[in-house]
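Participant: Please put together the full structure from these sequences, using the hints given.
Chains as they are written, first to last, in the working numbering: chain A, 1 to 337; chain B, 1 to 337; chain C, 1 to 337; chain D, 1 to 337.
Just so you know, these hints were derived from the structure itself, not from any lab. Hints may be right or wrong, so weigh each one.
When chains are identical, the list treats them as one kind, so a pair holds in a single copy or across two.
[What the hints assert, rightly or not] Lysine to aspartate or glutamate pairs mimicking DMTMM-like chemistry, simulated, CA-CA at most 25 Å apart:
1) K120 with E146
2) K72 with E8
3) K9 with D81
4) K120 with E217
5) K63 with E8
6) K63 with E174
7) K91 with E56
8) K63 with E218
9) K29 with E62
10) K63 with E147
11) K278 with E17
Bear in mind that the values here come from a model prediction, so they are computed numbers and not experimental data.
4 protein chains.
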Amino acid sequence: MNMVVVMEKNASNEEIEQVQARLRQAGFKIHLSRGVERTIIGAIGDRSQVDLGFLEALPGVEKVVPVMKPFKLTSREFKSDDTVVTVRDRKIGDGGVQIIAGPCAVESREKYLEVAMLVKEAGATMLRGGAFKPRTSPYSFQGLEEEGLKILAEARELTGLPVVTEVMDQRSVELVARYADVLQIGARNMQNFFLLREVGQVDKPVVLKRGPSATLEEWIMAAEYIVSSGNPQVIMCERGIRTFENYTRNTLDLSAIPALKRLTHLPVIVDPSHGTGKWRLVEPMALAAVVAGCDGLMIEVHQNPAEALSDGPQSLTPQNFAHLMTRLDKLLQNGRV
Amino acid sequence: MNMVVVMEKNASNEEIEQVQARLRQAGFKIHLSRGVERTIIGAIGDRSQVDLGFLEALPGVEKVVPVMKPFKLTSREFKSDDTVVTVRDRKIGDGGVQIIAGPCAVESREKYLEVAMLVKEAGATMLRGGAFKPRTSPYSFQGLEEEGLKILAEARELTGLPVVTEVMDQRSVELVARYADVLQIGARNMQNFFLLREVGQVDKPVVLKRGPSATLEEWIMAAEYIVSSGNPQVIMCERGIRTFENYTRNTLDLSAIPALKRLTHLPVIVDPSHGTGKWRLVEPMALAAVVAGCDGLMIEVHQNPAEALSDGPQSLTPQNFAHLMTRLDKLLQNGRV
Amino acid sequence: MNMVVVMEKNASNEEIEQVQARLRQAGFKIHLSRGVERTIIGAIGDRSQVDLGFLEALPGVEKVVPVMKPFKLTSREFKSDDTVVTVRDRKIGDGGVQIIAGPCAVESREKYLEVAMLVKEAGATMLRGGAFKPRTSPYSFQGLEEEGLKILAEARELTGLPVVTEVMDQRSVELVARYADVLQIGARNMQNFFLLREVGQVDKPVVLKRGPSATLEEWIMAAEYIVSSGNPQVIMCERGIRTFENYTRNTLDLSAIPALKRLTHLPVIVDPSHGTGKWRLVEPMALAAVVAGCDGLMIEVHQNPAEALSDGPQSLTPQNFAHLMTRLDKLLQNGRV
Amino acid sequence: MNMVVVMEKNASNEEIEQVQARLRQAGFKIHLSRGVERTIIGAIGDRSQVDLGFLEALPGVEKVVPVMKPFKLTSREFKSDDTVVTVRDRKIGDGGVQIIAGPCAVESREKYLEVAMLVKEAGATMLRGGAFKPRTSPYSFQGLEEEGLKILAEARELTGLPVVTEVMDQRSVELVARYADVLQIGARNMQNFFLLREVGQVDKPVVLKRGPSATLEEWIMAAEYIVSSGNPQVIMCERGIRTFENYTRNTLDLSAIPALKRLTHLPVIVDPSHGTGKWRLVEPMALAAVVAGCDGLMIEVHQNPAEALSDGPQSLTPQNFAHLMTRLDKLLQNGRV
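Facilitator: And the structure:
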């Protein structure tokens, strides 16, 4: 059954029949239950194919209770084995832990190539870095744009590590896909459906960050947009949600890892840098995320956080990143617990 | 003073000097206060022109406390008299109440033209209706697109009322601006900075809806993006915020009306349809919004809400809309209280 | 039907039968629906009398969806006509608007008696003032306690107006009830079930403030505690909920007024002082609340807000309160719209 | 400096002087900074001893920005070494991991003694179980009360493990303290200041659960209430906060562990059972919490979760608990990473 329609206490027979008629018309089978206080109509069919908002507007309807999840292609029920996303020679979702590291923004060629080598030496398996950085203030640094993408590609040549970078608008999808190995959809764009459809038509893996106020269901529905547009290579990235807490920048929801593993077959990575906003919290949360079962980490690293053009307070120095990698190796050395 | 930098209890003199040096370099004047427990550095300058995130990453810094608002062109301090936005022969922000009415989505030519005439007769002063409707589910109705825009234009000819419609991606800005009198930025796009900059370059008024989790400051910063890109004709639209309450779709924040009136000079309208999600709550909240000082209302009206392809439960019938307009007239007849 | 139990996709027959057995044992009648993808069990009975949390722990159960509201005595369905609460010669809930005014805390006899006379002259119909004021900091002013209650009683003699005051712990219920006409349960105590049961055994009206993060359903359940303990004289008081907005102290949810009027028969009053935390927003929100249909207002007034020991920023001066009352009279002069 | 008072743009000299006078009167030293756009007044003194809410009500004041934390005795600055709380022969906060296990509620003597032995054998070091269980519905099971306390005491004799149980109202503090080794303050009582003061006068350790919407600062302030009343043996317990996510019962905030470790010297434990509300998420989150640095875990265990009178869905069976303990041992065997 996909949904249950609860009729008002004094709904008339005509109203009850109208609801049934509309549901049948939308392709649903009906189960009618007349109780002492309420009549309930159960509907069985493919909820993912119809928009059922109209039901609540029908006279006599008190409440529509969805029963099954609204997503399909991305659900664990639809596909029970884990999706493994391949990025060049790396695999995300195969039981290992990929480490995506680098600065928030690509600031200059020299600095980026240097930090790329440093994170590689410390054990990073992929590179990150933003070329487009529009932010809450129109007066802030906005990114190097295509110049930044070229630097990323050069860093890939230099290090042999694949490159993840954010694409922020449909017009740039083709451009970014030309340079990057993995396209990232930022948290604020999680429900930018035009952009989701666009990356759904590209043959590159997509990291989909969770929106700051998104529920797991809304987040998986955003992945459904991409997958249903033709691109099944989606990697979910938990990066913290907005709560009343203000000591941390966001509240990193590590329970999303095992929860997503039940709800969907897609791989899950974690970004403790944005998730906490404070570099001192990055290491403990990164290790905790791995123990909780994530498939990868995304870590901000900057040679000199105090000089970073963005996100300095949450960036690790290369030394601190190396320290994290050492603890991580120790944690993983006997295999995951 | 624009901000106060609080140093850690045991910050060294070198650390204190480094912070001062960086602030001076960014164009700020410095006020140093050495207390028994803490040293505090006050900085005076133009915070809107620099990104100061780096400060929190400097060694010895405990906290950076912003003191002045980060927005400028949109602030009441910058321009003390109310901005009045002109839409054809209508004015928003001049003390009157504009009534923007119509269905959530343009569903067909006949239905739209009919409801346009009905809301006009009841007293609406502008028309609304969506041509692009991508939604949380990729399987839902997605709108008539350009066909819908043409219908809107025809309705304007028929009724003489200006037309407000949403633009959802940069690529469509030019197209939408060709047909519409007012461009609307939806709640989910409030921080789509690419889109904000694009409508900032168009010579049409923009209705900027509040993001579901946005603070007033973040919302005004989004307006600042548009205004600083060259378009001062911004109308703020309160449409409810996300809270733990689930009886209503959102929580309509009417205190945003008098609050915005103090913080900014821009006009403020209210959408009680999305703000509550329940048509029975639309009328009391619409009247309350007017008493609280708003410059206009945006109301969803559909001939047959139970047949609406979207937002049926929150749409008024033309009769219910006429009822609201009668009460509103009575409320306004002696002028605003 | 009270609830719907959705079984997991591959639930066994034994599991389905166990759920039915447990529901029957708890006094429910069963409706079984076997669908292609799911089996659903509907249960009809008196959900308010049993705790059904165990259901989600039964093997094979995916989700339990409550269908009917969990409250009963307080519901509009149980009692369709409005409850009118009588406080001495005043009535709350009879269509009029009661105005409860006074300072946050009783600070001294002279000051309290003076402000009581001032608000009476301006049109207040009841007095407010706190005698117990423990606050987030253990180092703040904690109230005059019984001495404060005596001053409130004296103010009642002087003005003839009934007195509302907060009771914060079970041990003081008897004491407060000896002096006050109406007992107030503060927002932070909304789910202090010991205290709710205690005031449920007192024969005095109770103002029940909404908890800062409470949904309407949780709030009404708290009222159900009081009513089911024997005291039907409950007045709901909306005072703002916690949201991400920080310009205001809370977000005043005026849609709670018409929503509660549908869900319950209890009267509803509004506290725009705590609801906004800023005195300049109190007047517009008070007027808006009345238009939205509330039965009363609770307004903080202090002779000299800058000297107030608590809540100064949200207190009106007597002059500002008189200004509000004048606008309110004008608004109400032709009856409610 | 304790706070910064920002004056309005056109504040008069008289207004600026009045603020300074009031601050001096409250025992603060003053630093005045006159900027081009703003005058700022810094104040140095002991903010914890005065309530400064009045400042925002003074004419000419735009904003009061607190600079230092409002808590003192509980702060890491006040006492830099970790507090170790002793419970009989156990220590919480000494670098080890205490495991507090047992059912949500004590349901009967036989069942409780049985599960107590089972969790002991699996490795639990302390017992938990509730004797008072008032809940959101007045019609639910409310606990065995004193009878339950006696059963807890008997379980302690039987197992040799100390006992943690909740106290819900001041009147029962003495009673509960007679039987229990550790008093627990529940999440909903985190700001019940009367209760906090009462347990502050008892010579037993107190587990203080985080309120569902509490910030870290509010939570530590609640601990400050207890400590400043005379009882320094406070153990902080993270148990999840309320967010928009509804797949989990709460969102467990593991970043609170390293954050609290910086802000305060008190030990921190984690309750992944309430924190997630789903038993399948308990094990990964428990292990993650340990890696993130907590001093203990509080785990709900029930012989037959489907029969539990409360919190069944989040309870582990004894077998699942033993599984968790095995993984935990493996994780800790080489010492914490």
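Participant: Now tell me if each hint is right for this structure.
Facilitator: For each hint, the structure was consulted:
no.	hint	result
1	K120 with E146	within (24 Å within a copy, 49 Å between copies)
2	K72 with E8	between (31 Å within a copy, 16 Å between copies)
3	K9 with D81	between (45 Å within a copy, 16 Å between copies)
4	K120 with E217	neither (35 Å within a copy, 39 Å between copies)
5	K63 with E8	both (8 Å within a copy, 23 Å between copies)
6	K63 with E174	neither (44 Å within a copy, 41 Å between copies)
7	K91 with E56	neither (45 Å within a copy, 36 Å between copies)
8	K63 with E218	both (20 Å within a copy, 18 Å between copies)
9	K29 with E62	both (20 Å within a copy, 21 Å between copies)
10	K63 with E147	neither (53 Å within a copy, 34 Å between copies)
11	K278 with E17	between (58 Å within a copy, 23 Å between copies)
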